[in-house]
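Undergrad: Chains as they are written, first to last, in this note's numbering: chain A, 164 to 471; chain B, 164 to 471; chain C, 164 to 471; chain D, 164 to 471; chain E, 164 to 471.
It is possible that part of the hints are untrue.
Repeated chains share a single entry, so a pair holds when one copy, or any two copies, can fit it.
List of simulated lysine-lysine pairs, DSS-like, C-alpha gap at most 25 angstroms [stated by the list, open to error]:
1. K344 to K422
2. K383 to K344
3. K388 to K422
4. K344 to K411
5. K383 to K422
6. K411 to K422
Just so you know, these hints were derived from the structure itself, not from any lab.
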Amino acid sequence: MALTAPVEQILSWYSSDNPGTLTNLVRLLGHGALAGTGKMVILPVDQGFEHGPVRSFAPNPEAYDPDYHVRLAIDAGCNAYAAPLGSLEAVAARFAGQVPLILKLNNSDTLARVEQPHPAVTASVEDALRLGCVGIGYTIYPGSGARNRMYEDLRELTLEAKRRGLVVVVWSYPRGAGLSKQGETAVDVCAYAATIAAQLGAHIIKVKPPTAHVEQEEAKRTYEKYNIPIQTLADRARHVVQATFNGKRVVIFSGGEAKATDAVLAEVRELAAGGSFGSIMGRNAFQRPRAEALELLSEVIQIYRSAR
Amino acid sequence: MALTAPVEQILSWYSSDNPGTLTNLVRLLGHGALAGTGKMVILPVDQGFEHGPVRSFAPNPEAYDPDYHVRLAIDAGCNAYAAPLGSLEAVAARFAGQVPLILKLNNSDTLARVEQPHPAVTASVEDALRLGCVGIGYTIYPGSGARNRMYEDLRELTLEAKRRGLVVVVWSYPRGAGLSKQGETAVDVCAYAATIAAQLGAHIIKVKPPTAHVEQEEAKRTYEKYNIPIQTLADRARHVVQATFNGKRVVIFSGGEAKATDAVLAEVRELAAGGSFGSIMGRNAFQRPRAEALELLSEVIQIYRSAR
Amino acid sequence: MALTAPVEQILSWYSSDNPGTLTNLVRLLGHGALAGTGKMVILPVDQGFEHGPVRSFAPNPEAYDPDYHVRLAIDAGCNAYAAPLGSLEAVAARFAGQVPLILKLNNSDTLARVEQPHPAVTASVEDALRLGCVGIGYTIYPGSGARNRMYEDLRELTLEAKRRGLVVVVWSYPRGAGLSKQGETAVDVCAYAATIAAQLGAHIIKVKPPTAHVEQEEAKRTYEKYNIPIQTLADRARHVVQATFNGKRVVIFSGGEAKATDAVLAEVRELAAGGSFGSIMGRNAFQRPRAEALELLSEVIQIYRSAR
Amino acid sequence: MALTAPVEQILSWYSSDNPGTLTNLVRLLGHGALAGTGKMVILPVDQGFEHGPVRSFAPNPEAYDPDYHVRLAIDAGCNAYAAPLGSLEAVAARFAGQVPLILKLNNSDTLARVEQPHPAVTASVEDALRLGCVGIGYTIYPGSGARNRMYEDLRELTLEAKRRGLVVVVWSYPRGAGLSKQGETAVDVCAYAATIAAQLGAHIIKVKPPTAHVEQEEAKRTYEKYNIPIQTLADRARHVVQATFNGKRVVIFSGGEAKATDAVLAEVRELAAGGSFGSIMGRNAFQRPRAEALELLSEVIQIYRSAR
Amino acid sequence: MALTAPVEQILSWYSSDNPGTLTNLVRLLGHGALAGTGKMVILPVDQGFEHGPVRSFAPNPEAYDPDYHVRLAIDAGCNAYAAPLGSLEAVAARFAGQVPLILKLNNSDTLARVEQPHPAVTASVEDALRLGCVGIGYTIYPGSGARNRMYEDLRELTLEAKRRGLVVVVWSYPRGAGLSKQGETAVDVCAYAATIAAQLGAHIIKVKPPTAHVEQEEAKRTYEKYNIPIQTLADRARHVVQATFNGKRVVIFSGGEAKATDAVLAEVRELAAGGSFGSIMGRNAFQRPRAEALELLSEVIQIYRSAR
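Produce the complete structure using the sequences and hints provided.
TA: Shown next as structure tokens:
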């Protein structure tokens, strides 16, 4: 099957990667309802680890079962399903080849009280390979005093992943003593976080939808001096996309907390209008009953199909 | 010998594992009085290390001898005997092949005063292989500020164990600055701890019987909102089993402090009713005189035989 | 093409290096408008990582694009282009062989609050090789309590780089609890920082233009006792060059914050008069419109051409 | 030469070890005046490192010379001589094969003030092999907040030593913030320390003669409840031996500070009566004039010969 | 050329070393004006790193040039020249084989404020080999809370150096929170420091000339009880030599701060009378004009020639 123009363009931005990685990138861009559009919707499920099982799955108890998620990703036509080690081990053999898998390599839980937020590395590139994944996922917390350890662990994982032909997806979620709570989603911080992930070698970067708040004093002066539009979410998404190698890296946005369907779709429309390459939608998908989730994901996909 | 249906079902949940690990899982499920039932009772003896020799063995001085425990496990028809390095080195050659062995890879003692509870890694996968073990055991303390180091050490041990065909058993025992004393056995925390162990790649997960206390505020709201039954121990065991990949991981419960026979059996009956895959019973076994211990274990086994 | 005398002289100072490294040193000295002069102008762009995207690129939005910088370096006749991993991955294949590349192996961001300044190691020698670079770049912060980790990471990277034929460029930027703010650019500190980099095995050393301030009490007594001239920037540059193995290591100076063209050129003239081997000019180049940047770089190059 | 019954019995406890280690164990048990008795007296000399040279050797200045000690061990008929790297390097070639050597792999000095006592690892298994040693020695401080690092370093050294056929001797000396000064030699702590060493895989365990003090509250209740005899040193030695795998590990006791000959011999008699497998006697040996030391060691050996 | 008796005697003390190391030891003892005497004078130049360039080289600006030092060592007939990585890289090829080189593997600077003094490891055994060195140099700070890391790094470097035939020279310079300022050169501390270096496996040990101060209370009682002479520097040197395996390790003394020629020579005479194996003289050599330095070194050498 010949590549579409949008996929060819994206590949041109990753020309330094080896054929193995390009192959897996093509698999990711070529799967599901958005195949060939250069856009993507990914189903990520690490909330069991990150927030605990009851908060994550009680709203839709079928979701306690790892099979549920991979089936949802397949049936909704997502580009990929991303999850921690245990979840993928539970399904990788039985659903082999049915949807691209991304192994999430680090995770936090909310049981410990720690000074500097810092996820534990909980799986390896070796695991991703033996489970047939197309890529690895990894979360960084720019703003944390433990960032060096995170960036350096990522450096080693990224080098190994690229050498062995995997795609690297980085969740760049600012938090830690260097930032106010509001600053975690500030537009300057979000754009900065996307840049850092790109510089660390990520192929695909996941950030949160930024607010209009500006956290850093010097950044604020710059936004004002150059009159950079950050009023609408579409403006801010465009700014983040620009901040990520002028749009030459695939940036996608997370859906955040569960909310009403209208709110989700409104947000996605703004993001798509701003040039987002797609969405990664967890709680808003799996905490709904399956039928609703399929419908929502279908509408999200439709928005991205129309966005080009 | 053909596999029984319950064992086949369990194996189906571990289909991403290699034949070596599946073989050892079959050995574990196929040994002793519960062979083929899909249930298991394990004799664990690490109290000499964890609580000191006199508190552990003075009640039944024969138990100072490492031979005592392995013989007890064999004669009682346990599925396996789990112990630290020294204990297994003392018996592995002379009792070779008579009962599946699980090498406990980390341990704490109570002599030091440490800020964040954190067991030392005291043995290796290499040791487990040279001693003929079917698997490794490892304790995590979710809730401890040292959890990252624990999870990351476990990640490396798990990867190596799986590569080399061993079963991974994780003791998930919440404690540390992030939790109140009561919270260590809270039902939300216990379910969360089981999820974490499953996500870290454990094949078999050992938790403590949970109380009806709920530790985390957000979890409490969820239990109330969805009216999740946690009144009886059977309810709570069922909840923990559900929280562990919807029952698709083998979860077993520990026996805790030594207590009267009736109390032990009452607890086991509730756990079995809630869907527990078995019990891991240390002090309640080896601190009794041998005849009593054999009788107790026999009754426990009987409960699990009838549970299906 | 035969080597020029200045290049031959420089090579004589690096006679302990292997032919691979000498080859890359010749490539660096033999490229661009200063080819063969023994002088060099390098375009470094790590500000996206170090200061965030908006502060770095809003003044000249074309500069959000990684292609922009490599083209600027090529068209201006720079000896090399230095940047972090992501930036080089974005261009290395498409611009292969058009300008020597230096992979910056460590970087800081300004989002976290850390006690001791300490860049994260964000790329590896392996990356530099797979991207076709002639050398690696690395920043040390003499004066930081974390200096040991920095020096020791550099030791390993340097050993590997030299073994594999790469050139080692060290940014020696004093900062940390051991120094006052003013002391970071003090002449004694700057000379000391250049010596440290040379002793750590750097081939090329980048320091900031030193001020006439003297930070350390004992150093002050020495400057006075021996009447060492440090009044003009040319004096101070000469002193730094002397402090770097009596001029037998290539020392270049950074341009610092963006400023008016006249101020830039005046500074470069002083540095050149003091024997600097060149300049490394980032913000003053890429924050100007392209035409202005090309003109400025052309004038800087002209100054160094005339300096011999 | 056929093995004696006591040696055969001891070997039966180490049946999980490989022939290389068993061979070195036989060498240790088969050398010197106690050859074949299953008892041992070892000369350890690490006081130069641990307490400094003048405190250690001024009482008998010949002892500054590393040759002195190895000759003393040979002439006294000790089973082995144990010392740090430098001391063994000084004699290993010239005295090759004349007495079993044990390389002490970690050591502390008294010059630094440290928060948690923690010896440095100062030699390796590789060193022990190249110097022809039969085993390695290693000190742990149960009770120190740094115990994890100690146990984990020991785990790696032990694994390597056993793989390569060496005997592992562990000095288990409780100290640190978790214990009172008196608690360092408390009978419960001493028994606990011996258990820990056994569980960590030690073949031979060296502890201090315990006092009748009981440190841990819960242990105290147990001693009282079960009426465990700890009044005489012989009682306490017997208790420690029992706590060490019911006597199935070789436990020996150190001589402690230099004292009068009568006091030394009285202590040894009690230990032997309690079932100690031998003594490890440093200062009481080498701080006496050579003739006196030989006589003392001869009497100690005589006590152990008669103990069976 | 046959070995002289003094060299043969020294070699006998290192009989556990491999022929590679013995060969380099012979090279060291066989070079320069003291060849074959069993004595040595070494030129060490790490002050550029340790104290900064201006304090080190302003008194004699020729000394900014790395060539200056190696030529001085050659022309003065020193046994060896010791320096950090950069300095040796600058000269190793051009002066190949003209004087034995010792690569200093760790270094401190005075720019940072650190809690526990701790040099960074700045070069490797691999570097020493590729630069043709006969040995490595390494500084330990007994008395520092960071001593474990220092000793453990040294252990690894020493093992590798000995395996690959290099000589190990240890600078043992007590300092840190465990010692008073005066205690850093106290006679008990200096003797202790020499013992530690010997036990860590050093072939050659460099200490500072000790004062008559005694730092540790228990040591003081011992000096008094045994009436150990420590009044003259010769007495103290003799004591240090005795404390270093009874003189069976090569102990040399450093020259310390620059001072008048008479003072230097008086000190050296005392050290030689006390049995010192030589001197290591940096600032007192290179901070003098070359002619004076050559004369001073010649006189120092003469003292050691006459000392036998």
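Undergrad: Now, for every hint given, state plainly whether the structure supports it.
TA: The hints, checked one at a time:
no. : hint         : in the structure
1   : K344 to K422 : within (20 angstroms within a copy, 35 angstroms between copies)
2   : K383 to K344 : both (17 angstroms within a copy, 24 angstroms between copies)
3   : K388 to K422 : between (36 angstroms within a copy, 17 angstroms between copies)
4   : K344 to K411 : neither (30 angstroms within a copy, 38 angstroms between copies)
5   : K383 to K422 : between (30 angstroms within a copy, 20 angstroms between copies)
6   : K411 to K422 : neither (31 angstroms within a copy, 30 angstroms between copies)
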